[in-house]
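Here the protein sequences come in this chain order: A and B. Heads up: take any position in the first sequence, counting from 1, add 21, and you land on my numbering. Heads up: take any position in the second sequence, counting from 1, add 21, and you land on my numbering.
Be aware that one or more of the hints could be misleading.
Copies of one chain are not kept apart here, so a pair can be met inside one copy or by any two copies together.
[As the list claims (entries may be wrong)] BS3-like, lysine-lysine: derived pairs with alpha carbons at most 27 Å apart: (1) Lys192 / Lys42; (2) Lys334 / Lys350; (3) Lys251 / Lys322; (4) Lys409 / Lys322.
Just so you know, the hints here were simulated from the structure itself, not pulled from any lab data.
2 protein chains.
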Amino acid sequence: MNNFEFFNPVKIVFGKGEIAKLTNLVPKGAKVMMTYGGGSIKKNGIYDQVKTALTGFDVTEFSGIEANPHYETLMKAVQIVKANKIDFLLAVGGGSVLDGTKFIAAATLWEGSDPWDILTRRNEINVEAALPIGTVLTLPATGSEMNGNSVVTRWETKEKLAFGSDFVLPKFSILDPLVVFSLPEKQVANGIVDAFVHVMEQYLTYPVNSPIQDRFAESILTTLIEEGPKVLANRTDYESAANFMWAATMALNGLIGVGVPQDWATHTIGHELTAFHGIDHGRTLCIILPGIMNLKREDKKAKILQYGERVWKITEGSDDERIDATIEKTVSFFESVGVKTKLADYGVGSDIIPKIVERFEARGIKSIGERGIISIADVAKILELRLK
Amino acid sequence: MNNFEFFNPVKIVFGKGEIAKLTNLVPKGAKVMMTYGGGSIKKNGIYDQVKTALTGFDVTEFSGIEANPHYETLMKAVQIVKANKIDFLLAVGGGSVLDGTKFIAAATLWEGSDPWDILTRRNEINVEAALPIGTVLTLPATGSEMNGNSVVTRWETKEKLAFGSDFVLPKFSILDPLVVFSLPEKQVANGIVDAFVHVMEQYLTYPVNSPIQDRFAESILTTLIEEGPKVLANRTDYESAANFMWAATMALNGLIGVGVPQDWATHTIGHELTAFHGIDHGRTLCIILPGIMNLKREDKKAKILQYGERVWKITEGSDDERIDATIEKTVSFFESVGVKTKLADYGVGSDIIPKIVERFEARGIKSIGERGIISIADVAKILELRLK
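Based on the provided sequences and hints, a complete structural model is requested.
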């Protein structure tokens, strides 16, 4: 295993009815901005629970944070935060609201000339301050509730970019599995596959003798495979909702990624499908991952075989047969929860390939994936494999 | 799964050579007390590494913290801390040094009349302040490097008592697996079984539908079973040392215990064997655990069968046969790393039974274990089962 640092001070408050604890989790006397999305929390009762728990607090609301939160929207929130001297941000929503709120927190205290630099110059400039954040998670998927990562989209230029900082780690996150009951089926499915691929990005690389990290990753994958379909089949199954929710958080809180190589090429390519065609984030991952597994079967052989054996019980056949069977099982799982895995399923044709290649070239990207095994030419091949 | 809160802000700095990072981890300008044990760190080079990294800091040394750290010793340190206006404690050692330092940190800022109350009145009074602590771990075993627990022994009265507080969570812990190379074999063995039983105490109860926690627990157990013997067989195998070290930390940092029932009866009884007979902590656990598994095989049936199947691949026979085989495998594992599992192996006879029973009765303890399934009469039976 490689040397590593691990630091995750997010306080998790997990379980049914726990939203009421907000009263004691938000700092006394805080001037709060409550951020949320399109208003579904007003229909499912979460808005009311939050507002009741915040009785007595000075709360400004900022709604309308969209899926793949827009830089333009978030900068409007920054203006309001500054004008109202807000000192605590409470994000009530899924990954988009949480990611957007992290950006608001960082941009508010950003001392550079242009907050856009937080996203475009992330390799040169660090976020060194941010307003404190708390979250009430309404959609298990991204793990944003227990990490310091954020992905923001500039609508104007269709760019989807990420940043990360310990300063935007939430002070607390409330995870009440009851929120899963009222989610649209499509969002549950997106959450299941999103969490699944988060694990894969940290796991499906090459062996570095890391049995704890490997087995924890396999534990989360197996749990998503078992519990995900139960959540979809019985929308009021609390236990399955709870297990799905905890699995999604553990999938991307940093723990399974310590001391091991990571990939993230599926995300890098997938983000472009969202940026160009608005395909849901989780779905883009299910399109791309099988292509990477197929094309990079030699580089990833040891881990694909281990994953196939331990997660899918595939032990028969030649290495290539086992790899094919493992990819097939992975694709079938995605499809079984209702997520299509080919570009054609989303009405996207081969014209996407040069567009993505061109964009990567314009950004000066030479290769992606662990050890840079995926060249720009490979990106084109991977997309080719996933056309139809 | 049950509702839970999880909060673990300890920064882990893991890997070979990482002790040098102390220079930047200890707060600038801190007045440091460096605590350690009997001086083995002077022989294995860790002392020199720490001192080099602390060049320029104001460092007071406090050595001589013994195994099962003594209240009497720790209170001497508290006096020195106060007299010298120490504001940061750096514990360099194993679980005893770390636990002892946590007590020093809490006792220094204790506002009650008697710091002994921290241990005896833990159910009534909380620790609400403590000096900040950093640690350099020299012995993987107790998990103290990533939790807020501490066990202290009052030598005068042979009482071994525990307390826990978020305030004594280390600010950082440096885990350099190279420290394992110079450990006496006996200490490595103790560490392996200690970590193993920590997992069992959080796992071997009754099912509450917690697949992530269960599989993580099984992951750690399996890793200890695989890596422990490798560490003992090749004392300079870095990879195995690293995996053992990370497994021991994950065994008791709170993660596998969230939302599930916990037992801890093995520890409660084991502590008395240490208090009365000075048997190494890890060894006491290996004596007691098989007795509890045997006597409470009905209450714990579902989890014993799951543990036997997933960890030891025991799938044949009646439930009782599988349970017997599972206990046998567990005992064999302990013995295989050189840890004896019967009281007679340590020269302890049946006269210990009334002594422990009497002490529990004097403390007003009616029952222990999850759901209070172990009565005081059961404690006697468990000890009886483990005589020889």
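Each hint tested on the structure:
no. : hint            : in the structure
1   : Lys192 / Lys42  : both (14 Å within a copy, 26 Å between copies)
2   : Lys334 / Lys350 : both (10 Å within a copy, 25 Å between copies)
3   : Lys251 / Lys322 : between (31 Å within a copy, 26 Å between copies)
4   : Lys409 / Lys322 : within (25 Å within a copy, 50 Å between copies)
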